[in-house]
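Q: Okay, here's what each chain looks like letter by letter:
Number of protein chains: 2
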Amino acid sequence: MDKKFDRIKIQTLQNKVITAEGAAEIIKDGMTLGLSGFTRAGDVKAVPVALVERAKTESIRVNVYTGASLGSDVDKLFAEAGIINKRLPFQADPTMRKGINQGDFLFVDQHLSHTAELIRSNVMAVDIAILEAVSIEADGMIIPTTSIGNSLSFAECADAIIIEINLSQAEGLKGLHDLYSPGKQGEREPIPLTKVSDRIGAMGIKVNPEKIKAIVFTNQEDSPSTIVKPDDETVIMAKHLTNFLRKEIEAGRLTEKLAPLQSGIGSVANAVLHGMIDSEFNDLEVYSEVLQDAVFDLMDAGKVKYASCCSITLSDEKMKEVFANFDQYRDKLIMRPQEISNHPELIRRLGLISINTALELDIYGNVNSTHVQGTRMMNGIGGSGDFARNARLAIFVTKSIAKDGKISSIVPFVSHVDHTEHDVDVIVTEQGYADLRGLAPRERVELIIENCAHPMYRDQLRDYYYDALTNGGQTPHNLEKAFSWHINFMKNGTMMQSEMVESN
Amino acid sequence: MDKKFDRIKIQTLQNKVITAEGAAEIIKDGMTLGLSGFTRAGDVKAVPVALVERAKTESIRVNVYTGASLGSDVDKLFAEAGIINKRLPFQADPTMRKGINQGDFLFVDQHLSHTAELIRSNVMAVDIAILEAVSIEADGMIIPTTSIGNSLSFAECADAIIIEINLSQAEGLKGLHDLYSPGKQGEREPIPLTKVSDRIGAMGIKVNPEKIKAIVFTNQEDSPSTIVKPDDETVIMAKHLTNFLRKEIEAGRLTEKLAPLQSGIGSVANAVLHGMIDSEFNDLEVYSEVLQDAVFDLMDAGKVKYASCCSITLSDEKMKEVFANFDQYRDKLIMRPQEISNHPELIRRLGLISINTALELDIYGNVNSTHVQGTRMMNGIGGSGDFARNARLAIFVTKSIAKDGKISSIVPFVSHVDHTEHDVDVIVTEQGYADLRGLAPRERVELIIENCAHPMYRDQLRDYYYDALTNGGQTPHNLEKAFSWHINFMKNGTMMQSEMVESN
Numbered sequence: 002m003d004k005k006f007d008r009i010k011i012q013t014l015q016n017k018v019i020t021a022e023g024a025a026e027i028i029k030d031g032m033t034l035g036l037s038g039f040t041r042a043g044d045v046k047a048v049p050v051a052l053v054e055r056a057k058t059e060s061i062r063v064n065v066y067t068g069a070s071l072g073s074d075v076d077k078l079f080a081e082a083g084i085i086n087k088r089l090p091f092q093a094d095p096t097m098r099k100g101i102n103q104g105d106f107l108f109v110d111q112h113l114s115h116t117a118e119l120i121r122s123n124v125m126a127v128d129i130a131i132l133e134a135v136s137i138e139a140d141g142m143i144i145p146t147t148s149i150g151n152s153l154s155f156a157e158c159a160d161a162i163i164i165e166i167n168l169s170q171a172e173g174l175k176g177l178h179d180l181y182s183p184g185k186q187g188e189r190e191p192i193p194l195t196k197v198s199d200r201i202g203a204m205g206i207k208v209n210p211e212k213i214k215a216i217v218f219t220n221q222e223d224s225p226s227t228i229v230k231p232d233d234e235t236v237i238m239a240k241h242l243t244n245f246l247r248k249e250i251e252a253g254r255l256t257e258k259l260a261p262l263q264s265g266i267g268s269v270a271n272a273v274l275h276g277m278i279d280s281e282f283n284d285l286e287v288y289s290e291v292l293q294d295a296v297f298d299l300m301d302a303g304k305v306k307y308a309s310c311c312s313i314t315l316s317d318e319k320m321k322e323v324f325a326n327f328d329q330y331r332d333k334l335i336m337r338p339q340e341i342s343n344h345p346e347l348i349r350r351l352g353l354i355s356i357n358t359a360l361e362l363d364i365y366g367n368v369n370s371t372h373v374q375g376t377r378m379m380n381g382i383g384g385s386g387d388f389a390r391n392a393r394l395a396i397f398v399t400k401s402i403a404k405d406g407k408i409s410s411i412v413p414f415v416s417h418v419d420h421t422e423h424d425v426d427v428i429v430t431e432q433g434y435a436d437l438r439g440l441a442p443r444e445r446v447e448l449i450i451e452n453c454a455h456p457m458y459r460d461q462l463r464d465y466y467y468d469a470l471t472n473g474g475q476t477p478h479n480l481e482k483a484f485s486w487h488i489n490f491m492k493n494g495t496m497m498q499s500e501m502v503e504s505n
Numbered sequence: 002m003d004k005k006f007d008r009i010k011i012q013t014l015q016n017k018v019i020t021a022e023g024a025a026e027i028i029k030d031g032m033t034l035g036l037s038g039f040t041r042a043g044d045v046k047a048v049p050v051a052l053v054e055r056a057k058t059e060s061i062r063v064n065v066y067t068g069a070s071l072g073s074d075v076d077k078l079f080a081e082a083g084i085i086n087k088r089l090p091f092q093a094d095p096t097m098r099k100g101i102n103q104g105d106f107l108f109v110d111q112h113l114s115h116t117a118e119l120i121r122s123n124v125m126a127v128d129i130a131i132l133e134a135v136s137i138e139a140d141g142m143i144i145p146t147t148s149i150g151n152s153l154s155f156a157e158c159a160d161a162i163i164i165e166i167n168l169s170q171a172e173g174l175k176g177l178h179d180l181y182s183p184g185k186q187g188e189r190e191p192i193p194l195t196k197v198s199d200r201i202g203a204m205g206i207k208v209n210p211e212k213i214k215a216i217v218f219t220n221q222e223d224s225p226s227t228i229v230k231p232d233d234e235t236v237i238m239a240k241h242l243t244n245f246l247r248k249e250i251e252a253g254r255l256t257e258k259l260a261p262l263q264s265g266i267g268s269v270a271n272a273v274l275h276g277m278i279d280s281e282f283n284d285l286e287v288y289s290e291v292l293q294d295a296v297f298d299l300m301d302a303g304k305v306k307y308a309s310c311c312s313i314t315l316s317d318e319k320m321k322e323v324f325a326n327f328d329q330y331r332d333k334l335i336m337r338p339q340e341i342s343n344h345p346e347l348i349r350r351l352g353l354i355s356i357n358t359a360l361e362l363d364i365y366g367n368v369n370s371t372h373v374q375g376t377r378m379m380n381g382i383g384g385s386g387d388f389a390r391n392a393r394l395a396i397f398v399t400k401s402i403a404k405d406g407k408i409s410s411i412v413p414f415v416s417h418v419d420h421t422e423h424d425v426d427v428i429v430t431e432q433g434y435a436d437l438r439g440l441a442p443r444e445r446v447e448l449i450i451e452n453c454a455h456p457m458y459r460d461q462l463r464d465y466y467y468d469a470l471t472n473g474g475q476t477p478h479n480l481e482k483a484f485s486w487h488i489n490f491m492k493n494g495t496m497m498q499s500e501m502v503e504s505n
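Those protein sequence lines, which keep their order, are chains A and B. Numbering (our numbering) for the first sequence: 2 to 505. Numbering (our numbering) for the second sequence: 2 to 505.
Mixed in with the good hints, there may be bad ones.
Copies of the same chain look alike in the list, so a pair counts if it works inside one copy or between any two.
Here are the simulated lysine-lysine pairs, BS3-like style, with alpha carbons at most 30 Å apart [claimed, not checked]:
1. Lys492 with Lys333
2. Lys404 with Lys258
3. Lys17 with Lys304
4. Lys17 with Lys212
5. Lys10 with Lys196
6. Lys306 with Lys175
7. Lys87 with Lys492
8. Lys482 with Lys87
9. Lys185 with Lys304
10. Lys306 with Lys185
No lab work stands behind these hints: they were computed from the structure.
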């Protein structure tokens, strides 16, 4: 027998090996699928493609639940094939995004820690879990690959499981994972994790082998991340963040070890984290969802001593480097379900420093992470809400302008609210930072405009505020003009007032 | 010596007894005061009044931090005297509200579980803690009265403590309180509470007696709650909520014991909870901030077997009844710091059913709890964010219209966001309920309009939505009209479109 069958250590299960096409036949119209995959890592790569193939000759629509975004163009293929009924809790594919915004199918934008709760409590049901694995152990343990996402709860709650064993992923990944399920609400014990490096669960996903209905072999690497390298502005943002953290050390609120770091997906957050390489901070720990290149660069530089994550999503270059030398990272890494990486209990207990990207923010510190012009979905809130609400420090980063200054990231009133003023501690742009903790709205305005807004928009923001101030109020606004910047952009392609057409 | 001195069981401290005026002299201009008091219960009643008196002849401004709202007209007196610089994290007094909205002083609207974290981590400092107590025990334990609020963290972090021993509160309250401090973030153990009735801390606030600089005797009862009795509409709302919970039982997601209940402050939430008296639900538990009349009525009816709270705030009538027969409630009650009553770790672990009041909500399920017309503060977010984000069920209740129909509580776009669509599970009005779990924005609209909006506004809401839908998007909006209802109300005194003046 082919050596690859050694990856299936339960002999009876070896008979379940079929083609991806065969496995896709198990899926029925109207079903809900729970797919492994979190920010392009550890996603299933064959069965979804076979399902799309099947949909060419057959009318089929399914709900697709995942950890977060998928790689391997799976979301693109799903969207193009028109086989999605409902997608959740996160995606990042341009074609899928287009379909969502056209109303071709439904998208539910959920806190990434919430999905597992809704599935476990049977508010949302999963019919089939389709999970990528490096192996199935003799005790029925499924060893995941480069992400865990919601795979544990999908496996627990689904009626059937399809496994894709990815031969391109080394069996050496075994031991990296820590699978802990908190159990039902109301019947739970405290989650016994008090340090970033604590191991609290199992090495894999323990299932009843009878639930495994099909096994497919694949041999395709994860899609590399699409992160762009730090630029001049993100380097400056990293400096502002470092300066803020230095002030916290001076005030005795942090030490040079800082506190466990969380950094959201995306180029800006990655670049800001990367900027810590040149800082005096050391012995750092990371407790985050996704580990991007920056965390491994920080490990290589001896700055990060331990990192807990839910997925590893790297550039092509860094992926080759890390997995070729995996043994040097092994004792510094642990991977958990997203429910645990993003759990409010743990975020609050560990006192994370949380760094996430804002799409736009307003003069009072409310943050829009998801909706362009208040209507069109970008990717989703992801874990930013899980972290910002409960972290020691909820930091949001953004460049102060976009589209060559046609858009100000700082506006009078955000066109969609994902994070309220109650949850936003610090804002960092390339202009500077605003520490909003303990400040009233009227105090926040000054800091945000002076320290974070782009100079080209400061007067215009002040004009809005002073006008609003004549109405009084805890949070002065002029609702007739609150969205005028967005409206001007839609009509005239810029938020600049001098280029505004009088609305009459 | 006067028998009242028996309340001070450390003899050296008996020498610290002075007049309220004397105690107020300890307070210096510019200081930050941490006052006991949560929703009118257990507030200090003499020293604040003496401070206000002193301010008549002396220029003095202080920051006032509390648990939540105060009774005894203290916030009114503070506001009238103009001695406030900054007030946080919650208030509910009309005069103070007016001052806040005029910008006479600053108000920070915080999640009630966050204040203690900010103080403990020295982001916000407290100079003097002023705490109401029934007694000071021989071991230096301060026994609080009818609320705990932030008193533990104020006492731990302040340089000096002033105690008001309230002789109108029976020493028999001793044993009711459970004081647990989670300690510093990053150095914490799990909070060892897995059942509503678990006792995890001390019977009082243990302090170094040397920090107690003054003790004042008072003899004034708490201000009774201003709750209005259930009316026809709140009775119907309670029925809708009961029907929803019954469906959850049918679906196997709850039993007749439901799950620990949290109910926000206010007449509507109280009335809705009160409606459970006539339900089949039994053996109920409550894990909430404030216990209002309804919880004791439910206890009297044999429906509630145990209640954990942070304060007890009752109507005049119920207060007399409960405290005259306190022994019959003693073994069914426990009182905790607001950081623990509102702790995300515990809310999520216990799987609360959380019921809070919305001021307005929009067609996608975003909730405004605080700002009238997006600008003027009512009371504050209170604990609603702590609960809604982490509860098993985040339920928001509101009547569908206000001001005889001039205002629709359901609008196209809320004028302020306190709870995002990500955190709102179920909406209940007198029209019905909308279960939004697992639904995309376009699905939510239908349910909210059909089930919750007042019939007189349904067509107008549909018109907005269908118009917005032509723009497409995950969350269709027309930003030019998003606030048109609010603007119409400001200009014409109604949100009704037929009465709208063309804006031109």
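Q: Hint by hint, where does the structure go against what was stated? Just the numbers, ascending.
A: Numbers 1, 2, 3, 5, 7 - these are the hints that the structure violates, sorted from lowest upward.
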